[in-house]
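Residues per chain, in single letters:
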Amino acid sequence: MTEPANTQTLQRKKLIIELDDALAKVQDGMTIGIGGFINSSHPMMVVRGLIKRGVKNLTVVGSASSGLEIDLLIAAGCAAKVVAPYVGGEVLAPIGPAFRTAVEKGKVEVFELDEAMFYAALRAAAQRVPFNPWRSGVGTSFPDINPAIKVFKDPINGETLLAIPAINLDIAFLHAAVSDAYGNVQYVGHGYGDRAIYAAADLTFVQVEQIVSNEEIRRDPLKTAIPGADGVIRARFGAHPYSSPGHYIEDQEHIKQYVRAATAWAKENDFAPLKAYLDDFVMGPADHAAYLERVGIRRLLSLNEY
Amino acid sequence: MTEPANTQTLQRKKLIIELDDALAKVQDGMTIGIGGFINSSHPMMVVRGLIKRGVKNLTVVGSASSGLEIDLLIAAGCAAKVVAPYVGGEVLAPIGPAFRTAVEKGKVEVFELDEAMFYAALRAAAQRVPFNPWRSGVGTSFPDINPAIKVFKDPINGETLLAIPAINLDIAFLHAAVSDAYGNVQYVGHGYGDRAIYAAADLTFVQVEQIVSNEEIRRDPLKTAIPGADGVIRARFGAHPYSSPGHYIEDQEHIKQYVRAATAWAKENDFAPLKAYLDDFVMGPADHAAYLERVGIRRLLSLNEY
Amino acid sequence: MQTTAVATTKEIMATVLARDLNDGEWVEVGANLPVPRAGVLLAHLLWGANMKVMIAMTKANVFNEPVIEEFQLITDHRATRWAEAYYIHNDLVENMKFRHKGVFFAGALQIDQYGNSNLIGIGKDYKALKFRGPGAIGVCNATVMNSRFHLVVNAHDKRIFVPKCDFVSALGWGSGGADARTKLGLPGGGPRYVVTPLCVMDFEDNTKRMRLKSLHPGVKVDDVVQNTGFELVIPASVPVTEAPTAEQLHVMRTRIDVGGALR
Amino acid sequence: MQTTAVATTKEIMATVLARDLNDGEWVEVGANLPVPRAGVLLAHLLWGANMKVMIAMTKANVFNEPVIEEFQLITDHRATRWAEAYYIHNDLVENMKFRHKGVFFAGALQIDQYGNSNLIGIGKDYKALKFRGPGAIGVCNATVMNSRFHLVVNAHDKRIFVPKCDFVSALGWGSGGADARTKLGLPGGGPRYVVTPLCVMDFEDNTKRMRLKSLHPGVKVDDVVQNTGFELVIPASVPVTEAPTAEQLHVMRTRIDVGGALR
Numbered sequence: 000m001t002e003p004a005n006t007q008t009l010q011r012k013k014l015i016i017e018l019d020d021a022l023a024k025v026q027d028g029m030t031i032g033i034g035g036f037i038n039s040s041h042p043m044m045v046v047r048g049l050i051k052r053g054v055k056n057l058t059v060v061g062s063a064s065s066g067l068e069i070d071l072l073i074a075a076g077c078a079a080k081v082v083a084p085y086v087g088g089e090v091l092a093p094i095g096p097a098f099r100t101a102v103e104k105g106k107v108e109v110f111e112l113d114e115a116m117f118y119a120a121l122r123a124a125a126q127r128v129p130f131n132p133w134r135s136g137v138g139t140s141f142p143d144i145n146p147a148i149k150v151f152k153d154p155i156n157g158e159t160l161l162a163i164p165a166i167n168l169d170i171a172f173l174h175a176a177v178s179d180a181y182g183n184v185q186y187v188g189h190g191y192g193d194r195a196i197y198a199a200a201d202l203t204f205v206q207v208e209q210i211v212s213n214e215e216i217r218r219d220p221l222k223t224a225i226p227g228a229d230g231v232i233r234a235r236f237g238a239h240p241y242s243s244p245g246h247y248i249e250d251q252e253h254i255k256q257y258v259r260a261a262t263a264w265a266k267e268n269d270f271a272p273l274k275a276y277l278d279d280f281v282m283g284p285a286d287h288a289a290y291l292e293r294v295g296i297r298r299l300l301s302l303n304e305y
Numbered sequence: 000m001t002e003p004a005n006t007q008t009l010q011r012k013k014l015i016i017e018l019d020d021a022l023a024k025v026q027d028g029m030t031i032g033i034g035g036f037i038n039s040s041h042p043m044m045v046v047r048g049l050i051k052r053g054v055k056n057l058t059v060v061g062s063a064s065s066g067l068e069i070d071l072l073i074a075a076g077c078a079a080k081v082v083a084p085y086v087g088g089e090v091l092a093p094i095g096p097a098f099r100t101a102v103e104k105g106k107v108e109v110f111e112l113d114e115a116m117f118y119a120a121l122r123a124a125a126q127r128v129p130f131n132p133w134r135s136g137v138g139t140s141f142p143d144i145n146p147a148i149k150v151f152k153d154p155i156n157g158e159t160l161l162a163i164p165a166i167n168l169d170i171a172f173l174h175a176a177v178s179d180a181y182g183n184v185q186y187v188g189h190g191y192g193d194r195a196i197y198a199a200a201d202l203t204f205v206q207v208e209q210i211v212s213n214e215e216i217r218r219d220p221l222k223t224a225i226p227g228a229d230g231v232i233r234a235r236f237g238a239h240p241y242s243s244p245g246h247y248i249e250d251q252e253h254i255k256q257y258v259r260a261a262t263a264w265a266k267e268n269d270f271a272p273l274k275a276y277l278d279d280f281v282m283g284p285a286d287h288a289a290y291l292e293r294v295g296i297r298r299l300l301s302l303n304e305y
Numbered sequence: 000m001q002t003t004a005v006a007t008t009k010e011i012m013a014t015v016l017a018r019d020l021n022d023g024e025w026v027e028v029g030a031n032l033p034v035p036r037a038g039v040l041l042a043h044l045l046w047g048a049n050m051k052v053m054i055a056m057t058k059a060n061v062f063n064e065p066v067i068e069e070f071q072l073i074t075d076h077r078a079t080r081w082a083e084a085y086y087i088h089n090d091l092v093e094n095m096k097f098r099h100k101g102v103f104f105a106g107a108l109q110i111d112q113y114g115n116s117n118l119i120g121i122g123k124d125y126k127a128l129k130f131r132g133p134g135a136i137g138v139c140n141a142t143v144m145n146s147r148f149h150l151v152v153n154a155h156d157k158r159i160f161v162p163k164c165d166f167v168s169a170l171g172w173g174s175g176g177a178d179a180r181t182k183l184g185l186p187g188g189g190p191r192y193v194v195t196p197l198c199v200m201d202f203e204d205n206t207k208r209m210r211l212k213s214l215h216p217g218v219k220v221d222d223v224v225q226n227t228g229f230e231l232v233i234p235a236s237v238p239v240t241e242a243p244t245a246e247q248l249h250v251m252r253t254r255i256d257v258g259g260a261l262r
Numbered sequence: 000m001q002t003t004a005v006a007t008t009k010e011i012m013a014t015v016l017a018r019d020l021n022d023g024e025w026v027e028v029g030a031n032l033p034v035p036r037a038g039v040l041l042a043h044l045l046w047g048a049n050m051k052v053m054i055a056m057t058k059a060n061v062f063n064e065p066v067i068e069e070f071q072l073i074t075d076h077r078a079t080r081w082a083e084a085y086y087i088h089n090d091l092v093e094n095m096k097f098r099h100k101g102v103f104f105a106g107a108l109q110i111d112q113y114g115n116s117n118l119i120g121i122g123k124d125y126k127a128l129k130f131r132g133p134g135a136i137g138v139c140n141a142t143v144m145n146s147r148f149h150l151v152v153n154a155h156d157k158r159i160f161v162p163k164c165d166f167v168s169a170l171g172w173g174s175g176g177a178d179a180r181t182k183l184g185l186p187g188g189g190p191r192y193v194v195t196p197l198c199v200m201d202f203e204d205n206t207k208r209m210r211l212k213s214l215h216p217g218v219k220v221d222d223v224v225q226n227t228g229f230e231l232v233i234p235a236s237v238p239v240t241e242a243p244t245a246e247q248l249h250v251m252r253t254r255i256d257v258g259g260a261l262r
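Chains as they are written, first to last, in numbering that gives the first Met the number 0: chain F, 0 to 305; chain A, 0 to 305; chain H, 0 to 262; chain V, 0 to 262.
Treat the hints loosely; a few may be bogus.
[Stated by the list, open to error] Okay, derived cross-link-like pairs now, PhoX-like style, lysine-lysine, Cα gap no bigger than 20 Å in a straight line:
(1) F/Lys104 x F/Lys274
(2) A/Lys106 x A/Lys80
(3) H/Lys157 x H/Lys123
(4) A/Lys12 x H/Lys100
(5) A/Lys24 x A/Lys13
(6) A/Lys255 x A/Lys274
(7) F/Lys149 x H/Lys182
(8) F/Lys12 x V/Lys100
(9) V/Lys157 x V/Lys219
(10) F/Lys152 x A/Lys149
(11) V/Lys126 x A/Lys80
(12) F/Lys80 x F/Lys104
(13) V/Lys129 x A/Lys104
(14) A/Lys80 x V/Lys129
(15) A/Lys106 x V/Lys129
(16) V/Lys182 x A/Lys149
(17) F/Lys51 x F/Lys24
(18) V/Lys9 x V/Lys212
(19) H/Lys123 x F/Lys106
(20) F/Lys266 x F/Lys255
(21) H/Lys129 x H/Lys163
(22) A/Lys255 x A/Lys266
(23) H/Lys126 x F/Lys149
(24) F/Lys80 x H/Lys126
(25) A/Lys106 x V/Lys126
(26) F/Lys266 x H/Lys129
(27) F/Lys255 x F/Lys274
(28) H/Lys163 x H/Lys123
(29) A/Lys222 x F/Lys222
(30) F/Lys106 x H/Lys126
(31) A/Lys106 x V/Lys123
(32) F/Lys13 x V/Lys100
No lab work stands behind these hints: they were computed from the structure.
Chain F with its partners taken away, still in its complex shape (with noise of 0.2 Å):
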């Protein structure tokens, strides 16, 4: 009897990659999700990778509570059509002004639904079935407005119901605390809606604050929300402007910053600040690290949450 020759020649292949190597797969008019909520947790590091490759025509399906990661990418010209129940940053901008001014032009279609529809509309993906059932919105104008959503009598009651159809999507790009090499991802809370973007997904990208231990991810098999990821990418400040939970709070200067340039093109159909803001902000900084610095440590250190 010889030793195993497994352990010795075969090795679990570590799934840490390159912000370049994700966004690599993502080709123009793919549908692709980004998690998140309002003004947390968005993959910003990933956004911001996506405008400066110039992808053009996405589906971008946001959160069931979008922020302006998806004004921005709106604004760079890369969504062609949004799924989103809502777009806005709360009192920061109670509509995403790029959202608005370019839905307004008919530059940006919307896929209109509420949350409840959007959860139906990624669980049926998750399912593998080509729609579910709600009840709410009988009676309001989703389906009208909304052609993709039908109104049907159920097979077992003849109660009247909307179809949901399925949102498959091709990418899912998500931003959490933390993972192992090997895909399995945790939050601090509770990860808002994201659990149900990844299930929705072919591929899922997650980029994080740090990577840890697999042990430390053993520690607590109940945290791991994302037990699969095609990816892990190191993205410490990566949601920055928006708040990392347990790791820092929105830039709230920052976000009022990019509200500003959007409302210039919403209020007054001036480009020029967004252009401005894009230049400096996403098109200008070399990589992950040089929007950081642009950013400033001095101001990254003071989002502390306590």
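Put chains A, H and V on the given structure of chain F with help from the hints.
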């Protein structure tokens, strides 16, 4: 200005109840959910209590893979209908003996479905829709032998799917590791499918190994699997003879004793051993403590995980 | 209670919402919705020790918190400190049973006489909106699945109160009638109050037309009529909206709204 | 490898299953299914370092475990020790995407010539079964949603291999033909192998009739034919099932099946 009056007079109501308080909610003919999974985490204190009260004509909704707790309810004549994709004890009893014989004798009706249909049905109840669609099962016997499951064409693409009707639970009974006094329930481990059973129920009562402080619960809110139990019942060793993760393993000797008794009914049409088992372990003991005395503390102390 | 402090309009609005809430109910404390937030917390602290309060997508009970810190954004992780449980957001939106005991608060761009409302946008042609709204968020579903809801707006004018919403993202009483919702198979009690800076309105029992219920101090019936784009039901006598008691105002100012968002 | 140990039938069966598995695939290690368990773990340890292994409803990777302790019951909490993630059971059964890379193993009371199988019961009348089975568990769904599945049975006789299943709880190739599943809209590759104590069978490409693929050592074609209740496709020459290599047998006996369940 005076001090606000409220903190002096009002306080949060404790939801710790006695077994009988929970059992008193059960009426003949109700649809009752029983949590756990095969040989683990069934609310056996409650199950024995239901039998002792002589509840009849229940529609018993087991877990996605039910164990012999359902078999026992059948043996005791409480169940008119069983909703469960599996009733058995793995190697200890590949098929529940009382389940098998009661179905063969036509004493119990089965709502035939598989695990995915089971969760689709519970989810429909939780979502307050009359059904959920599922793909798997098309081309099988399920819609033939369970007329409640309808084959239909989906209203979006015209694909053939099954419509799984909602199964609403009047009451769910679960067994878990701990809760606080306010109905926040946490498991050791993943808790199987108990969350889905809870979500489909009008009322949920959870028996727990231990009540802990609210502060203890708040140390890890992600662990709170059942955030709104309507009542929690103290039940140390309350899942016996089944395992309670983190607390004790299953009592195989006791389970085998039951299986022998039930098999005599199934194979020899001899109900006497089952009658004796029921007398000894269900009807006889005055309460849960008396049951545990009957089992014997030495046996209980032997059921260690490590 | 010796205080004679006078409540602000927003404090009165919050108190109206609080009085409708019962102990044991499930309520959301939205961030950036200071009036409903204060109403919910007022009820919770004064008679709702067993209310289940959702703060920042957690189930919280802040009954014993001396001062309930206010957070500007719903995503502020610091507001999860009180959590007894997390509501994973898709679970929150897909599990509807607990909402039987829920009460919801909705805003709107437009509201019609039957309490139908719109967050989608303004314009006759959906493909060419004059004003694109933020989207319906969770409002379409929450206004169906909760036991009832209240419409709360920060302004009372004819831009908001319109004869007909351009789009309906949250159903009220449809085209009117007490069966407007049940005939569509919808559970839930529908809209109960419409709370504005001028008044409180409810809905007539049979027609479900919007009806003036009370006027905030100093407001006249005509102020409401002039600023409403449809015909309201006006009872013969309209009381003044009941102000918070001194205790209520004290609790509001010392435990709930220390920052003075309502003042 | 100098050992000349002879593999048992169960060890050969496990090896057949192992050889079908590729690195990176998702597989369940059921408790009380020692043959598929050993097959999965053999592949995992020898060429599947990146397989995602489900043990006791957890996602585990036991590639570096010197000895993989065996548990008799799927509910044994001790088997969750290796967990990197928990599969909350309803999430496991309702999220289907990861099963694209999944391989499943199913047992059966009855199997017909197209690989349709039955766990429901025996009898022509569902309302008066002669023998009530355990129920379909998750087999109906898992045999659709995974990339492929294998039927594994502990006996090979005419009670199991029947001309027609009394009930079909897991669809194989229906009434035959390569499009039997796609024409019903079903994803997944369907049944690939049927592994018994006598032989390995697969399905003819076009008709999808069951076909003898290999005979375990010492078994003759006629042994299979005599114990199968329908006509099998028998190729002109049927090889002997490939036995485990010495290394495979060594790993199986020293790391996977120390207790000897397969011996």
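Status of each hint after checking the structure:
1. F/Lys104 x F/Lys274: holds (18 Å)
2. A/Lys106 x A/Lys80: holds (9 Å)
3. H/Lys157 x H/Lys123: holds (17 Å)
4. A/Lys12 x H/Lys100: holds (17 Å)
5. A/Lys24 x A/Lys13: holds (18 Å)
6. A/Lys255 x A/Lys274: Holds - the C-alpha atoms of A/Lys274 and A/Lys255 are around 16 Å apart, at most 20 Å.
7. F/Lys149 x H/Lys182: holds (19 Å)
8. F/Lys12 x V/Lys100: Holds, at about 17 Å.
9. V/Lys157 x V/Lys219: Holds. V/Lys157 to V/Lys219 sits at ~16 Å (cutoff 20 Å).
10. F/Lys152 x A/Lys149: Holds. F/Lys152 to A/Lys149 sits at ~13 Å (cutoff 20 Å).
11. V/Lys126 x A/Lys80: holds (13 Å)
12. F/Lys80 x F/Lys104: Measuring from Cα to Cα gives roughly 13 Å; hence the hint holds.
13. V/Lys129 x A/Lys104: Satisfied, since the Cα-Cα distance of roughly 9 Å is no more than 20 Å.
14. A/Lys80 x V/Lys129: holds (19 Å)
15. A/Lys106 x V/Lys129: It holds: about 14 Å lies between the C-alpha atoms, which stays within 20 Å.
16. V/Lys182 x A/Lys149: holds (19 Å)
17. F/Lys51 x F/Lys24: holds (14 Å)
18. V/Lys9 x V/Lys212: holds (17 Å)
19. H/Lys123 x F/Lys106: Roughly 18 Å separates the two Cα atoms, so the pair holds.
20. F/Lys266 x F/Lys255: holds (15 Å)
21. H/Lys129 x H/Lys163: holds (16 Å)
22. A/Lys255 x A/Lys266: It holds: about 15 Å lies between the C-alpha atoms, which stays within 20 Å.
23. H/Lys126 x F/Lys149: Cα-Cα ~19 Å, so holds.
24. F/Lys80 x H/Lys126: holds (13 Å)
25. A/Lys106 x V/Lys126: Distance ~11 Å between A/Lys106 and V/Lys126 Cα, so the pair holds.
26. F/Lys266 x H/Lys129: holds (13 Å)
27. F/Lys255 x F/Lys274: holds (16 Å)
28. H/Lys163 x H/Lys123: holds (11 Å)
29. A/Lys222 x F/Lys222: holds (9 Å)
30. F/Lys106 x H/Lys126: Judged against 20 Å, a Cα distance of about 11 Å means the pair holds.
31. A/Lys106 x V/Lys123: Distance ~18 Å between A/Lys106 and V/Lys123 Cα, so the pair holds.
32. F/Lys13 x V/Lys100: holds (18 Å)
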